[in-house]
Amino acid sequence: MTDVSVEAGSLHGFYLQALDGNADADPDTSEGLFVYDRDVSAHIKRGDLVRVRGDVTEYKGETEFQNVNGLAICGTGRSVTPAQLRLPFIDTDAPEAYEGMAVSIAQKLTVTGDSGLGQYGELTLSAAGRLYTPTNVVPPGAPAKALAAFNARNRIVLDDGSSAQDPDPIIYPAPQLTAYHTVRDGDTITGIQGVLSYRFGEWLIEPTTQPVIDPVNPRPDASALPSGGNLRVASANIENYFNGNGEGGGFPTQRGADTYAEYQRQRAKTIAELSSLHADVIGLMEVENDGYGPDSAIQDIVNGLNAAAPAGTHYAFVDPGGNKLGTDAIANDIVYNTEAVTPVGAPATLLAPPFDYGNRPPLAQTFETNNHARFTYVANHLRSKGGCPSGNDPNAAQGDGQGCWNVQRAKAAQKTAAWLATDPTGSGDPDFILMGDFNSYTREDPIAAFKTSGYTSLLQARASAHAYTYTYKAEAGALDHALVNQSMLDQVLAVMPAHLNADEPKVLDYNTEYKSAGQLSSLYAPTPYRASDHDPLVVELDLTP
Numbered sequence: 329m330t331d332v333s334v335e336a337g338s339l340h341g342f343y344l345q346a347l348d349g350n351a352d353a354d355p356d357t358s359e360g361l362f363v364y365d366r367d368v369s370a371h372i373k374r375g376d377l378v379r380v381r382g383d384v385t386e387y388k389g390e391t392e393f394q395n396v397n398g399l400a401i402c403g404t405g406r407s408v409t410p411a412q413l414r415l416p417f418i419d420t421d422a423p424e425a426y427e428g429m430a431v432s433i434a435q436k437l438t439v440t441g442d443s444g445l446g447q448y449g450e451l452t453l454s455a456a457g458r459l460y461t462p463t464n465v466v467p468p469g470a471p472a473k474a475l476a477a478f479n480a481r482n483r484i485v486l487d488d489g490s491s492a493q494d495p496d497p498i499i500y501p502a503p504q505l506t507a508y509h510t511v512r513d514g515d516t517i518t519g520i521q522g523v524l525s526y527r528f529g530e531w532l533i534e535p536t537t538q539p540v541i542d543p544v545n546p547r548p549d550a551s552a553l554p555s556g557g558n559l560r561v562a563s564a565n566i567e568n569y570f571n572g573n574g575e576g577g578g579f580p581t582q583r584g585a586d587t588y589a590e591y592q593r594q595r596a597k598t599i600a601e602l603s604s605l606h607a608d609v610i611g612l613m614e615v616e617n618d619g620y621g622p623d624s625a626i627q628d629i630v631n632g633l634n635a636a637a638p639a640g641t642h643y644a645f646v647d648p649g650g651n652k653l654g655t656d657a658i659a660n661d662i663v664y665n666t667e668a669v670t671p672v673g674a675p676a677t678l679l680a681p682p683f684d685y686g687n688r689p690p691l692a693q694t695f696e697t698n699n700h701a702r703f704t705y706v707a708n709h710l711r712s713k714g715g716c717p718s719g720n721d722p723n724a725a726q727g728d729g730q731g732c733w734n735v736q737r738a739k740a741a742q743k744t745a746a747w748l749a750t751d752p753t754g755s756g757d758p759d760f761i762l763m764g765d766f767n768s769y770t771r772e773d774p775i776a777a778f779k780t781s782g783y784t785s786l787l788q789a790r791a792s793a794h795a796y797t798y799t800y801k802a803e804a805g806a807l808d809h810a811l812v813n814q815s816m817l818d819q820v821l822a823v824m825p826a827h828l829n830a831d832e833p834k835v836l837d838y839n840t841e842y843k844s845a846g847q848l849s850s851l852y853a854p855t856p857y858r859a860s861d862h863d864p865l866v867v868e869l870d871l872t873p
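Quick note: the sequence shown uses this note's numbering, first residue 329, plus one each step.
FYI, nobody ran anything at the bench for these hints, they're computed from the structure.
We treat Cβ as the ideally placed atom computed from N, Cα and C, and that holds for glycine.
Check before you lean on any hint, since a few could be wrong.
[Claimed, not checked] Each computed PhoX-like pair below joins lysine-lysine, with the alpha-carbon atoms no more than 25 Å apart:
id	residue 1	residue 2
1	Lys743	Lys652
2	Lys739	Lys713
3	Lys801	Lys843
4	Lys739	Lys652
5	Lys713	Lys779
6	Lys713	Lys473
7	Lys473	Lys801
8	Lys801	Lys388
9	Lys801	Lys436
10	Lys713	Lys834
11	Lys473	Lys779
12	Lys801	Lys743
13	Lys743	Lys779
14	Lys743	Lys713
15	Lys834	Lys801
16	Lys713	Lys801
[To be verified] Just the calculated beta-carbon pair ranges, DEER-fashion:
id	residue 1	residue 2	range
17	Ala456	Pro758	55 to 61 Å
18	Thr357	Ser432	16 to 22 Å
19	Gln814	Val540	45 to 51 Å
20	Tyr508	Gln447	17 to 23 Å
21	Cys402	Asp356	24 to 30 Å
Kindly generate the complete structure, drawing on both the sequences and the hints.
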């Protein structure tokens with residue numbers, strides 16, 4: 329057998345494959361095998377002909393040799409012909425016939441997930457474009473199950489040829505990842521050659537050559553945002569923005585930054601992100617629920633926005649009164665440009681079930697523009713899909729693709745729509761826009777409940793069926809939405825997710841854990857990119873009195 333591995337030692341072993349002339353006649357069985365051996369692999373070179381004894385076992389799903397003995401090098405300079413792989417696979421087990429063998433992929437693949445790039449040096453790839461969360465593009469139930477099965481066949485992981493965690497450097501994109509030299513979901517990749525392996529339920533390529541990444545999904549800037557209206561509104565989940573005690577201490581807090589240094593890094597990126605939207609009203613999700621005083625998180629955000637604001641822009645926040653909004657550690661907030669809009673009347677919120685726990689209380693405020701048009705903006709954040717209850721609970725995952733707590737989110741949607749029908753701010757104006765993190769993909773029940781109540785999903789009506797604001801397990805979907813009633817729909821010019829975050833590797837965020845001293849600077853920049861895990865959503869309006 330001949331070694332066709334990447335550089336010896338980086339995987340604590342090497343791969344063996346039978347020479348072409350020695351392969352068996354069964355196309356369903358592999359001709360390759362991983363040999364686990366920390367001690368002798370450094371002496372093995374690619375192309376060596378070797379003889380080895382050991383015990384065959386399964387480790388993390390991959391067949392391998394262990395307890396190696398009697399290894400002898402019998403020749404050098406040998407080669408094997410790589411097998412050709414093509415996505416999607418016939419089924420998820422089909423690649424097993426090539427496990428441990430040299431392979432190549434002639435297709436142009438798309439980066440569909442980069443969340444593992446920092447920890448494992450991995451990129452998840454798919455054919456014919458990125459993968460989408462099933463319930464973002466098809467109804468829950470059988471259609472979602474079918475698409476989930478297809479997605480499982482249409483993915484492969486490009487590893488970095490090393491078993492080390494938190495690599496330094498991170499080799500994708502070549503020569504290495506930095507805050508200003510990134511790979512994004514949606515970029516394409518060609519020239520993939522390596523060895524096929526299997527670990528933790530994923531098929532992986534251990535590369536033997538450097539693939540070519542084409543940055544076809546570049547970072548957007550402000551010029552890409554919609555324009556032409558007389559008012560711009562937005563929403564942004566800013567991923568647990570906690571400012572300690574507001575005086576430089578109080579870290580770690582319940583969530584967010586662990587240290588004051590991390591908080592400073594987070595703050596710089598958050599202010600850069602929000603400022604880049606140039607929005608007149610912004611609903612914020614996941615802000616520390618610590619009131620509205622001078623040391624509060626929301627006041628801290630407004631201070632930062634005003635320090636960065638151009639002439640003619642000055643931000644304030646909506647103060648609903650009290651020490652906090654609801655009982656959760658995080659809350660919804662609204663900031664607005666006082667030069668563009670004026671609050672009309674008092675804000676309103678909803679604290680009754682199902683907003684007493686899990687779903688964060690919505691925050692509604694009516695505004696009047698400089699041309700005397702009025703509208704009501706509602707910031708929303710429904711319960712996440714995590715922390716699942718027991719299997720008998722109706723909020724447990726039902727296997728239809730909508731995840732846990734779907735019933736509670738749907739009830740929250742119905743309750744919100746009924747509440748808004750009462751004109752809770754007393755505005756007397758019919759125009760409503762709801763924005764925020766609904767933790768519901770586009771085709772799921774909560775969004776359907778709003779539509780039944782007369783609201784239109786702007787992402788469905790005015791954007792793409794594949795619009796997304798979030799990536800989870802290498803699938804993109806929209807958890808963040810803009811919903812309007814009919815009178816408001818007529819005044820909407822455009823809607824656009826600002827893809828500042830979801831496409832970026834997580835390792836480019838503000839966190840300092842698991843990074844080398846050099847990476848603390850090379851992987852960080854006070855820019856809008858990867859300020860959060862969600863993309864902001866921007867709506868351009870042309871409001872009339």
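Would you list, in rising numerical order, the hints stated earlier that this structure does not obey?
Result: hints 12, 17 break, sorted rising.
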